[in-house]
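The chain contents come next:
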Amino acid sequence: MSEKVLLVDDEEDFLDAMATRMKDRGMEVSTTTSAAEALKKVEEGAYDAVVLDLMMPEMDGLEVLKTMKVKRPELQIILLTGHATVQKSVEAIKFGAMDFIEKPADLKVLTEKIHQASAQKMVLVEKKIQEKIKKLMQEKAW
Amino acid sequence: MSWNWEVIGETGLQFFGKMSASISHEIKNVMAIINENAGLLEDLTVMAEKGMPIDPQRWKAPASRIMKQIQRGDDIIKGMNRFAHSVDEPLRQMDLSDTLALMGALSDRFAAMRGVTLVLESASSPVPVLTNAFILQNLIWLCLDFAMGCAGASKTVFLKAEKREGGAKIRFSKLQDLAKAETGSFPGERERALLQALKADLVIYKEMKELHLTFPVQAEG
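Chains as they are written, first to last, in our numbering: chain G, 2 to 143; chain Z, 2 to 222.
Since the hints were derived computationally from the structure, they do not count as laboratory data.
Backbone N, C-alpha and C define an ideal beta-carbon position, used for all residues, glycine too.
Wrong hints could be hidden among the right ones.
[Said to hold, decoys possible] Facing chain G, according to a computed beta carbon distance under 7 Å, are these residues of chain Z, among others:
| # | residue |
| --- | --- |
| 1 | His26 |
| 2 | Lys29 |
| 3 | Asn30 |
| 4 | Asn36 |
| 5 | Glu37 |
| 6 | Asn38 |
| 7 | Gly40 |
| 8 | Leu41 |
| 9 | Asp44 |
| 10 | Pro63 |
| 11 | Arg66 |
| 12 | Ala113 |
| 13 | Gly116 |
Please construct the entire structure, taking both the sequences and the accompanying hints into account.
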């Protein structure tokens, strides 16, 4: 199964190259340079993982992360940053980021994280379905 | 006239740190783009080695992106070098227009983060001032930071250096929200200390939606 990934970064030349490399590795990739568009795409599409730049124009990456997690709690978000600080990493994990990777990223490492993200998302979705079934069974007193 | 060294020193250090952090972030971005595009070239080479037919056009885009980023990196490093050398001498003959262009380039990322565009209007001739380069840059940055906060819906700040009688002037214009801005705390202690050191003046023209920084031809007699 190919992973569906959303890449969000304000550097178009970065997005183009990374998206091409990911597609060559069998992933289904969407890209955007805008935080607002990223939020829209997350609302409309079911992604296995979002790779998000921490420093986005107009909207801080952590804000984007928080909003995405509210809209789609099961979504796995990997943050990319020029400089990873302990404080930012802790904040990102606290707000629900799956991981925090420093630029320039090693695509092998990132691909591995995306595979993990996809598996993790599937577990969360299954758990959600199980909970729904359990609730329904309790309601119907089965 | 005595300088408020305590404030100037602290403000200067904060400014130097902020600019250095931003420059290093920009360089990291350049490296990340080069890394991805070099990786793409490597992927294509591996595919070609395996006998897959690769359209030469596929090599062209990453190669040209790498060239573009090397140029961008070189520009960033040149700016960083000029900025770092601005502390070399207490007084230096400068072209205000040129300094404004450098500050615009160094502030571009901060502007982009706030969704603001900086438009530098070129001067018809050099605008000479003899002043302290680092303190001047610090003052321009603080005014620019304030001006960006007043850009309003147009999200654009126009900058221009020009000669005036007995000195020079920097004009920050089209500040749509200047009338609404809380100007009680601006210029604050930091700006006042820098203005005093440069013998400069700052005037806010709310109706004209402009901020003017004026300088004497020579900061110290």
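Now the hints, each set against the structure:
1. Contact between His26 (chain Z) and chain G, as hinted, is supported at the beta carbon level, the nearest pair being about 4 Å apart and thus within 7 Å.
2. Evaluation of the Lys29 (chain Z) hint against chain G yields a held restraint, the C-beta minimum of about 4 Å falling below 7 Å.
3. Checking Asn30 (chain Z) against chain G: minimum C-beta separation of about 6 Å stays under 7 Å; hint holds.
4. A least Cβ separation of about 4 Å between Asn36 (chain Z) and chain G falls short of the 7 Å threshold, and the interface hint therefore holds.
5. Because the smallest distance between the Cβ of Glu37 (chain Z) and any Cβ of chain G comes to about 4 Å, under 7 Å, the interface hint for this residue holds.
6. A distance limit of 7 Å between C-beta atoms decides the matter here; for Asn38 (chain Z) the minimum to chain G is near 5 Å, and the interface restraint holds.
7. Look at Gly40 (chain Z): its Cβ gets to within about 6 Å of chain G, closer than 7 Å, so that hint holds up.
8. This hint holds: Leu41 (chain Z) has a C-beta 5 Å from the nearest C-beta of chain G, less than the 7 Å allowed.
9. Restraint check, Asp44 (chain Z) versus chain G: the minimum CB separation of about 6 Å is within 7 Å; hint holds.
10. For Pro63 (chain Z), the interface hint holds, since its Cβ comes within 7 Å of a Cβ in chain G; the closest pair sits about 6 Å apart.
11. A hinted interface residue such as Arg66 (chain Z) counts as satisfied when its beta carbon comes closer than 7 Å to some beta carbon of chain G; here the least separation is about 5 Å, so the hint holds.
12. Restraint check, Ala113 (chain Z) versus chain G: the minimum CB separation of about 5 Å is within 7 Å; hint holds.
13. Interface restraint check for Gly116 (chain Z): the shortest CB-CB distance to chain G comes to about 4 Å, inside 7 Å, so the restraint holds.
In summary, this structure violates none of the numbered hints.
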